[in-house]
Every structure is written in C-alpha cells, then in structure tokens.
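Protein chains in written order, with this note's numbering: chain W, 140 to 575; chain P, 140 to 575.
Derived by calculation from the structure, the hints in this document are not laboratory data.
A few of these clues could be false.
[Said to hold, decoys possible] Simulated restraints, written as ranges between beta carbons of each label pair:
1) W:Arg574 with P:Gly431: 54 to 60 Å
2) P:Glu403 with W:Leu465: 31 to 37 Å
3) W:Asp153 with P:Glu186: 35 to 41 Å
4) P:Asp491 with W:Asn146: 47 to 53 Å
5) P:Met575 with W:Gln180: 46 to 52 Å
6) W:Arg363 with P:Glu403: 54 to 60 Å
Nothing here was measured: the structure is a model prediction, and the numbers come from that model.
We treat Cβ as the ideally placed atom computed from N, Cα and C, and that holds for glycine.
There are 2 protein chains.
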Amino acid sequence: MSTLITNVHILTMDNQMKEYKNGYVLVEKERIVAIGDWQHQPLDADEVVDGNGGLLLPGFVNTHTHVGMIPFRSLGDDVPDRLRRFLFPLEAYMTKELVGASSAYAISEMLLSGVTSFCDMYYFENQVAEVCDSFQVRALVGETVIDMPTCDSEQPSGGIEYCREFLPRWKNHPLVTPVIAPHAPNTNTYKGLEKIVAMSEQHQVPITMHVAEMDYELKELSDRYQQTPFELLEQIGFMNRPFIMAHCIHATDEDILLTAGYRENVKVAHCIGANTKSAKGVAPVKKMLAAGLSVGLGTDGPSSGNTLDLFTQMKLFANFHKTWELDRALFPAKDIVRLATRGGAEVLNLKDTGIIAAGKKADFIIVETQSVNMFPLFDPYSVLVYSANASNVQHVWVNGKQLVKNHQLVNHDLREIKAKLYEQMSDFVVEAKKRM
Amino acid sequence: MSTLITNVHILTMDNQMKEYKNGYVLVEKERIVAIGDWQHQPLDADEVVDGNGGLLLPGFVNTHTHVGMIPFRSLGDDVPDRLRRFLFPLEAYMTKELVGASSAYAISEMLLSGVTSFCDMYYFENQVAEVCDSFQVRALVGETVIDMPTCDSEQPSGGIEYCREFLPRWKNHPLVTPVIAPHAPNTNTYKGLEKIVAMSEQHQVPITMHVAEMDYELKELSDRYQQTPFELLEQIGFMNRPFIMAHCIHATDEDILLTAGYRENVKVAHCIGANTKSAKGVAPVKKMLAAGLSVGLGTDGPSSGNTLDLFTQMKLFANFHKTWELDRALFPAKDIVRLATRGGAEVLNLKDTGIIAAGKKADFIIVETQSVNMFPLFDPYSVLVYSANASNVQHVWVNGKQLVKNHQLVNHDLREIKAKLYEQMSDFVVEAKKRM
C-alpha cells in the first residue's frame, strides 16, 4: 500500500526547519519514502490525496495525559478542594470497562485534533493498551503506582503487581510501549520507589511520573527527606532510567542543573494549560531548554486540561511564557510548533517520528487552511499557534495508515464510541451529581 | 416574522443566572417575547428551530477590536519592534476598499464564532459602518484620532475632521453607534484631547481609546504632565462622557479608585489575549471588578489577538487571572461566560441585550453540544470556557434575524468575501513580503 499526497505546504521540522510550499509526500507501508517540491514527478502510488493547500506537519505529541478520565470533564473545575471532593471519591466508580470506553473516546478526540502519539498514565492500563492497539495509534501507556488502594487494586501500590503481567505483555508491540508510572514522589514510599526503578530496569521499560507539581509535595519531601523531588529521584536511581517527568512546575535552578546532567534519559512533559487553570504556576521552561533538557507539551487529563488538543497548549504556552519572561520575542511560533511535534517525539523517545523526511515513520497531519480563522497565511507557524484550533485538522496518518479523513475517524464511529461511554458512565454520573 | 426555538439548554445570564435545561425561546420581530421550560405549549410561530440540545445564551460581545486589520494577521507576530517594522509602514497601504473588504471578512468571522456585537476602532470607519449595516450586526464604530498623518487623512488628527461628517451620519442608525476614538492619551495633543471630549458632547456619542496599554505611554505622560493616563483623562473631562477604555494594563490602585468614581460612564475593555501575547502584562481585573467597574472582554485586532472569537479570550482569562492571583477558585467559569456576554453588553451600553428574557432584543447564539470536545456536560459554563472553541457555534441571531445557520452565514458567501479581500490585498502583500 502506497499513498501520494500532493498540494501541501510541508513543515518538515528537520534541523533546518525546511519547508516545501508546494510539496508532496510519498508513503509506502509505514514509512515516508520521498518528499520534496511537487513538479509532477511520475510517481506511482495506490492512492493519491490532494492536500488542497493545507499545512502538512508531523503529528502532535501529547506527552502527558490520562485518557481514562473523560468522565470527570467539566466536573468541579473551579473548586479549591477538587481532588478530595471529586477526583479521589469518584475514582472508586472507575471500572475496567469505563476506562476502556473513556480511552476510546479520548483517543478519538486526540486523533481528530491531530495528536498521533501520547503518553498516558492511569489505572487498568491493559484496557488502554488494547484500545491503542485497536485504534493503531502510537502510545506510551503507564500503569499508576500509588501507596493507597485504587480502582484496580485493593492493596496499596498494587500497580507494581499489575505491572508484572502488564509490562511483558506489551513489551514488543509495534505501537504501544508499556510504562511504569509512579503517581508522584510523595505518594509512594521510599521502598516502593526503589522497587519501581528496579522493575523499569528488569523489564527495560521507561518510567513516567508527576514531579514537582504540588506545593505540598515539596513540603512533604522536605520534611521527610530534606530533599527536593529531583534530589530524591536522582538518589533512588530514576535519572539513570528513561524517565518522563510531568509538570516540574517548582523546579529550582539547582534542580534543573542536576536534571540536565541526565538529559539523555530524563525528559520533561510540560502541561501549561492544566498548571495555570489550577493556579499552580508556570514551569521554568526557558531555563530547562537553556540547560539542554528536552521538553514536550502535554494536555494533562480531560479533568485538568479539559481539551486534549495541542493547539490549546501552544497558544497558552506562547502567551504565558512571553508574559512570564516579559519578552514578546521569546519562543517564536516556529519554536512552539517544534516543541508540540518533534519536541514531544524526543521526550517520548519515539525514534523515527517527529520529522517529515524520507525514511521516517509516516505519522503526520494536514491542517486545512480554508477556514475563516486561517487567513492570511504569512507565517504558517503563527497561524498554527495563534489562530488555528482543533477543528482545523483535516487528515491524520499514523504509521502510514490514514486514521482521520476529512475530519472523521476512518475506522471508528464516534457516535457509537460516545454511546458506549455514556452507557458505562451511568453509576459514575449518579455519584458525581450527588457531589455537585 | 416570528421564530420558536425549542430543545435548548438556556443560560439566561439574568440576575439569578437562571437556566432552563429543556427550554424554548419565542422571538417576534427584533425581540424575545417569551422564554421558559418547554412543555409543548401551543405557541404560534412562522418558523420553528430544533436546537438539538445545544446551549442557548446571549451573543458574545467583543468590546475592542480593529476589523480593518485582517491583512496584518500572522505578520511579524513575535518581532519586538513590530509596530514600527510592520504596522505603521504597512498602514500606508490601507485603502477605503481594503478596510471595507477586511471588515466584511472580520465580521463574518466574528458572527461564525458567536459574536453578535462589537466595538471597533480604526480608519475609514464609514466603510466599517456600511459593512455593519449590510450584515445587520450591532456595533460601536470608532474613527481613530491620532496626532500624525494616517491612511485616511494627510493632516495629523484628521479623524476629528472626519468625525464631523461621520458622527451625525450614523447617529440614528438602529444597529450602528458612531464613536470617536482617540488612539491613546500619549499619541494626541492636550488640545486634541480637549476637542475630542467637546465633540463627544456636541454629538452625544461615546468615546473609546487605548488607555495604559504601553509602558512608554506612562513614561511619556509622566514626563509631559506628571500624571497617569487616568488622571490626565479625568482632568480633560473624558470621565464625564460615555467612555470605553481598552486595555488598562498598567492601572494602579489609585487609578482604579479614581475611575470607579465615574463607573456610570467609564467602562473597561479587557484584552487578555493580545496583552499577554505581546508580553505587556495582565490588567488588574479582580481589583477593577471589586471597585464596581464594568469589564468586558475584547479580542483586540486580528494582528494583535489573531482570533476574533471570545472562546479564546475566556480560556486565557481563566488561566491568567487564576494564576496571577494564585487562586483556582477565582473567576469560576460562570463568571467568565457572564463577562463575555452580559458584561460586554454593559460595557458597550447596549441596553436590552446581554440577557435572555422576554422584552430583550433577540441577540443570542446556540452552541452545539454534539462535538467530541463538548462531552460530558456536567457544567455548561465549564464546557464553554475550558473545552469549546469557535467552531462549536451553530446558530446566531442578531436583533431577531438569524445571521448564522448550521455554521454558515445566512446572507453572505464567505468565499466571495475572502476573494474580494484577497483581491484588495495585492499591494499590501507585496509590501508586507518585503518586510518579512
């Protein structure tokens, strides 16, 4: 199977940030085999797609989310004690089936907005991985470990036991990478954290974790260990493993310096939308990048970040970091689109994605430029960051397969997915409404 | 002509913020004549619209924009000396015809995103008013006065002369209110500012102006008059007139107190998106509201704020003000939707709009709830602020007439509007590209 896409403005995200204003891309099986200026070359393909002048770029990479949490969206958004009033008690109503149905919905929503890869972290991750497999989407799928009973384990830290079956089961999947996901440094015991590092090493899988997200997390670790989260995690050995740290809002200059020493392993998932909606703060991304750390963008879960598209994150990223640093020229739109695509691929260590070039995996999207918000188009990066929204994504390919065509899922029926989710949510909704 | 709308979740924005979850609205001529719970009442209407479970709320009010500036969008967004490198030199290529074509485009874009009223400020405002008249949209239309030659006047402060014809011409239009729009306190002479107040009084029209937007504005006024912009404007008499101040980023506590003494006249158009994209800062809106000032949201022009919809502004408003004040509970979504609708109507002094109630003008919208980003809908205000985007607006009525139906303009062809704008932009584009 081969596909030729013509009449597209290609943003390659290669080292030169090369563009082809009237470009073509030829895909064979799961890879891009040729790109360039379209001069009506006699190229053979099973299918030809007219890009209608759209922007073709690598798919967005959502470096931190919780796809099982669609049921929580729009519930108690502005409530100060939200975690204890809504999230923890309602999590008891999350079942295997509900996580599966929510994952199908969230993955549909991400695909429709141009997200081709993501890193997830929640419970019942076997279900999440199965849904990823059925959607043929690229993902890191992380089973949470926390020192309390959860919806998928009556025992505290049951995620460790879960992982014994989960990690080897998915280890060699072509698209799904299993991950062990300790909830946070302060919500696991020291011994539990040691076990997690050992397990990551034993199964040769990455780790992902919320780090320095909460002010009380810093206080607890300081009281317990007289250490910052970063110091503690280094000591236990996390930084010698492939390790994606989400949030890092409260990283000090010393924490950044320390982490940068491990930059081949340790990467940052920056969730500007969720962090600022909850008034937690703005992570020092300018300093992280200056120290050589890889940073990608993440939406966080649908309860925290609400939208699962990276357009929202790119816009918030631009305005927050420019204002935070009092510098309108900081992070020009081009840099932000790079962070949301290639930057995210680097964070998730998804080799061979994040760049439009011959030999790379065919994970890319076409953003249409016909809608009213997309004109004029002096600078395509500015249009993507400052004007576009999720609804402008027209076509999506992952691993050489077209998963979204003209704003619709190719292989799934969104109405059915929504109906299934709604059905699975019935008990959850009853409990949620009691708390509103 | 009467219209009955059923099967809608009505957010009235009345003093009790009453909602009708399965509501109806009956419109006769330009007014709402009945609303309530739908119990299959035997109501007569020429047309019946099934709202399909969408959210019906007052139209968004964009309290500050520059509809003539679509040609500048995505041009030099992240350039520090943007005003001098792009905006001022390229403004010389703005013609009457180009402003008219741009206005038609911008008004289309606003209508499609649910904006039913706006306050404009630019040059050739007769053209803008004519386009408003042809679109049958509600607007305050402000001719700019600045102490330098402009695209519509070779003489400095030519806007004053322009207004002598412009203000009386539109004074009694049912939908268009002419406005005199001094550019800023520091870009007009003291005498010019005095003339503007006198003219506003003579013609009984409001004033709108950029106030305390630029750090150098404060410095210049302090050097020239030893006054803040607010002190100067009070002294000249602006605060005795209906006066919409845009931005007010650098308002001090004393400025807010002073202005609040004139709160019956003086209102604030807050442009969080444009202000933070350009790293200018965050206006002290919490303090303004506490002092009793009316505040509405504005997109600023398409060169500064890029999108012309208020969804973008609501989301940025939430995240910025919560983070600025370190309080996630500050400005719950309900308050923000109120600011974007009824709050804006109060700022523009559009009596009889901004609320869904019998007797009010029929300016309202339906936001569909079927799209993937709109589920679940525990809190409709949260969904509007944190999840929705401009593409979710399905129907729009202004003054009793449906102007957008199923995401399309009813009376205009967007392709033609775009083609006309593109044609008028040819010289502008040549000059713009020289500067890129």
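Going through the hints against the structure:
1. W:Arg574 with P:Gly431: 54 to 60 Å: 34 Å, violated
2. P:Glu403 with W:Leu465: 31 to 37 Å: 36 Å, holds
3. W:Asp153 with P:Glu186: 35 to 41 Å: Taking Cβ atoms as reference, Asp153 of chain W and Glu186 of chain P lie about 55 Å apart, which means the hint is violated.
4. P:Asp491 with W:Asn146: 47 to 53 Å: 49 Å, holds
5. P:Met575 with W:Gln180: 46 to 52 Å: At 29 Å between Cβs, range violated.
6. W:Arg363 with P:Glu403: 54 to 60 Å: 57 Å, holds
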